[in-house]
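Engineer: Quick note, the sequences are listed as chains A and B, same order.
Residue 192 is where the first sequence starts when you use the numbering used here, and the numbers rise one by one after that.
Residue 4 is where the second sequence starts when you use the numbering used here, and the numbers rise one by one after that.
Hints are computed from structural coordinates only; laboratory data are not their basis.
Fair warning: there could be bad hints in the mix.
As the list claims (entries may be wrong) - Okay, the calculated beta carbon distance ranges per label pair: (1) A:Ser586 x B:Val55: 34 to 44 Å; (2) A:Asp359 x B:Leu8: 43 to 53 Å; (3) B:Ser113 x A:Ala520: 44 to 54 Å; (4) A:Ala520 x B:Ala109: 47 to 57 Å; (5) A:Ala571 x B:Asp88: 23 to 33 Å; (6) A:Asn569 x B:Glu46: 12 to 22 Å; (7) B:Gly16 x A:Lys346: 45 to 55 Å; (8) A:Val532 x B:Glu99: 50 to 60 Å; (9) B:Ala135 x A:Asp496: 36 to 46 Å; (10) A:Val570 x B:His134: 45 to 55 Å; (11) A:Arg266 x B:Glu99: 51 to 61 Å; (12) B:Val77 x A:Asp527: 28 to 38 Å; (13) B:Gly92 x A:Arg430: 36 to 46 Å.
Said to hold, decoys possible - Covered stretches of chain B, going by a simulated chain A footprint (3 or more residues, C-beta under 8 Å): (14) 16–27; (15) 57–70.
Claimed, not checked - If you want the footprint, here are the derived chain A segments under chain B, 3+ residues with CB under 8 Å: (16) 429–443; (17) 577–589.
Using N, Cα and C, we set each Cβ at its ideal position, and we do this for glycine too.
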Amino acid sequence: MIDEPARRLDEGALRALVPRVLAGLVRRGEDFDAAEDALQEALLEALRVWPEHLPRDPQAWLATVATRRLVDARRSEAARQRREEAVFAEPRAGATDAEADDTLFLLFCCCHPELSPASQVALTLRAVGGLTTREIADAFYVPEATMAQRISRAKRALRGRRLDQPGDLAVVLRVLYLVYTAGHAGRVDLAVEAIRLTRQLALATEEPEARGLLALMLLNHARLPARFDAEGRIVTLDRQDRGLWDTGEIAEGVRVLQSALAAQRPGRYQIEAAIAALHDDAAGADETDWPQILAWYDDLVALTDDPVRQDPAAVLGRAVAVGHVHGPAAGLRETDPLRAVLGDRHRWHAVRGHLHERAGDLPAAATAYAEAARRATNVAERNHLVRQAARARASADRLSSGCG
Amino acid sequence: MPKYLLLKHYRGGPEPHHPFPPMDQWAPEDVEAHFAFLRNVREQLEASGEYVDSQALTPAQTWVRYGGPDAAPVTTDGPHPETSDLIAGWYMVDVESRERALEIAAHISSEPGPGGGPLHEWIDVREVMSHAPSSSDAA
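Given only the sequences and the hints, what does the whole structure look like? Please build it.
Structural biologist: What follows is the structure in structure tokens.
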């Protein structure tokens with residue numbers, strides 16, 4: 192009955208299925224590397240079985256077999272070992288066909304430059320992330336009707352716009368980073384959602400900044416379990432219990448970063464990921480490789496012509512590194528030119544408080560922390576800064592009464 | 004069940020029960036006790052089924068008014084936080100009675116201050132007007 196030759200699938204068509212099946216698996220929440228390996232095994236199986244029995248729906252067949260492999264791999268420690276070796280041994284497969292990839296297409300639609308950032312974020316979470324309007328509303332603490340309106344206005348704004356052109360990848364990256372930094376407050380963990388979406392993007396484009404962003408998220412997210420104590424208080428990086436860091440996420444982040452850096456087209460996300468990797472790499476805060484971190488910050492501020500105005504956050508981060516490498520007084524000097532740009536922001540005062548404290552000037556540290564607390568826009572940060580101020584003030588008082 | 008807004012002020016309210024310095028000048032253990040108390044207030048209200056919302060506001064205050072046609076909005080800062088009735092944040096509770104709202108407000112006002120004793124802070128208690136259409140005719 193079946194016409195054998197007509198139902199044979201050539202290798203090109205088989206390969207064309209790979210990004211779709213892979214994107215499908217990753218979209219479902221499967222680990223990037225594991226899904227790729229499982230799909231590789233499914234492809235080998237296909238080459239063995241299909242010449243005899245070509246499935247009616249090859250894409251669904253691949254997805255099913257890959258899923259079965261993923262379940263097997265999860266059960267088997269040996270399989271996990273094999274997967275990691277395979278990832279180290281083989282560079283990732285080549286470019287995926289953007290046209291064939293609905294993920295990238297969807298991201299470009301949702302992150303259309305004519306939409307406001309809030310609309311881009313909402314639409315991305317709905318259309319690419321598959322979240323319900325209710326879930327997105329909860330995540331941003333707005334009424335569901337408000338979020339529904341924001342999404343439908345965004346969709347209306349897209350009507351009549353050309354969506355068949357490749358979009359602006361830089362906008363997509365910025366939107367995904369916005370989703371990540373919006374945090375993990377509601378029922379939906381936006382940080383995890385952002386990582387999931389960025390995985391999909393990294394599958395769909397060869398642009399190393401996409402992998403740089405994924406690495407940055409992973410390397411930061413790995414520290415989340417140590418970032419707050421049981422009472423919800425902020426624990427600063429230098430005091431975190433590094434045993435709580437997610438070593439799996441760190442390892443994956445480093446792998447993804449290395450593959451991005453190998454393309455030799457550095458950008459801000461790759462550089463920030465490299466800095467995060469150096470923090471993650473230190474067994475203790477005092478083992479942090481600050482000279483190396485400072486070198487990356489030098490690269491970061493060199494990306495813009497006028498970093499103080501165009502990227503003040505990078506200049507401020509660099510000042511902290513300068514403080515560690517060349518001493519707190521040098522670090523404070525680096526923060527001076529930022530006063531006009533960042534003097535109203537809590538972070539500028541907080542960094543100066545930290546540098547004053549390291550310089551041993553506790554009264555100045557207390558004042559700077561108090562100034563920072565007044566400007567904080569996040570309750571946990573505000574409370575943390577009030578504590579820092581009170582602690583510095585108490586130490587200063589103890590010292591002055593001890594000396595007097 | 005009526006809803007009440009329990010407003011906290013940075014330095015304002017009627018004549019303070021006793022003067023106290025800003026929190027960043029308290030002993031660290033007093034700061035800790037204060038934060039722990041407020042965390043506990045929220046947990047208690049959630050447990051009793053009376054919690055609706057709580058928010059904190061930054062102290063930066065800007066007044067703004069219409070500047071007229073084709074003119075930018077007119078803004079002014081201040082009066083300064085030290086002298087004003089500057090709102091620091093609120094709890095919104097959904098309670099059986101006004102008495103219960105006052106009881107909760109008084110409890111919040113007992114929050115520990117410097118030295119660990121109660122702050123006796125004034126809490127501004129305001130009833131929230133209902134949006135629900137009445138199920139009987141107005142008199």
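Engineer: Can you give the numbers of the hints that this structure goes against, from lowest to highest?
Structural biologist: The structure conflicts with hints 9, 10, 13, 16, although it agrees with all the remaining ones.
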